[in-house]
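Residue numbers (our numbering), protein chains in the order written: chain A, 970 to 1083; chain B, 122 to 232.
Hints are supplied without guarantee of correctness; some may be wrong.
Listed below are several chain B residues computed to face chain A (Cβ distance under 10 Å; list not exhaustive) [claimed, not checked]: (1) F133; (2) V165; (3) Y171; (4) F194; (5) G206; (6) A211; (7) Q213; (8) F222; (9) G223.
Keep in mind the hints are simulated off the structure, nothing from the lab. Note that the Cβ used here is the ideal one computed from N, Cα and C, for glycine as well.
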Amino acid sequence: DTGVSQNPRHKITKRGQNVTFRCDPISEHNRLYWYRQTLGQGPEFLTYFQNEAQLEKSRLLSDRFSAERPKGSFSTLEIQRTEQGDSAMYLCASSFWGVNTEAFFGQGTRLTVV
Amino acid sequence: GQQLNQSPQSMFIQEGEDVSMNCTSSSIFNTWLWYKQDPGEGPVLLIALYKAGELTSNGRLTAQFGITRKDSFLNISASIPSDVGIYFCAGQETSGSRLTFGEGTQLTVNP
């Protein structure tokens, strides 16, 4: 297993366009998380799934953001009508659910809205 | 909401020196994790702590879970140039729940 994989690594889009990011977790992990990180800050939680069920959403996840994990494997994060303030690194992580579980992160998708 | 205060914000040290950084929380966490992040990359897990008072080592790294469950520290001994990066603490209320991150400690190691 090569770890958590995110695509694309970089995305430049014009304001108002829609963008979609993909995350492939570590294959045996049943929990998948999305975080956003702006320059000079720690990652901030957006949402997470257990299998295909979305268990929690942060208030940071506005109506323009939607995340799915349709078959409990890969996940997509879509941002509609992008704004310049959406420019950030979007990080995906995965873990087991159980006792003493650790979250492992992907390399992230860097979004720049121009 | 929960906040993690991580200090120091930055450190400039000479190769071979030891380093210590810490995190404090306004509320209790049941898991503490320490990550390292290089520019343009995702965080890489260094150490996970699951029990109050636990002291865990990973090579030259040692981390402790505070007995109050509201703090943790990370020590790096005999620093080397590849230790350069940003170190983040993260707390977790319950196993598998969201992580709350500190603001990071930027470490610079001068050869």
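Verification of the supplied hints:
1. Evaluation of the B/F133 hint against chain A yields a violated restraint, the C-beta minimum of about 17 Å exceeding 10 Å.
2. Given hint, B/V165 at the interface with chain A, holds; its Cβ is 7 Å from that chain's nearest Cβ, closer than 10 Å.
3. Hint status for B/Y171: holds, given a least beta-carbon distance of 5 Å to chain A, under 10 Å.
4. With 10 Å as the threshold, the beta carbon of B/F194 stays out of range of chain A, its nearest partner Cβ sitting at about 17 Å, so the hint is violated.
5. Proximity of B/G206 to chain A is violated relative to the hint, the smallest CB-CB distance being about 14 Å (cut-off 10 Å).
6. This hint holds: B/A211 has a C-beta 8 Å from the nearest C-beta of chain A, less than the 10 Å allowed.
7. Satisfaction of the interface hint for B/Q213 is found here, the shortest Cβ-Cβ separation to chain A being roughly 8 Å, below the 10 Å cut-off.
8. Below 10 Å, beta-carbon pairs count as interface contacts, and B/F222 has one with chain A at about 3 Å; its hint therefore holds.
9. The beta carbon of B/G223 comes within 6 Å of a beta carbon in chain A, closer than 10 Å, and the hint placing it at the interface holds.
Going down the numbered hints, you'll see the structure goes against 1, 4 and 5, while the others check out.
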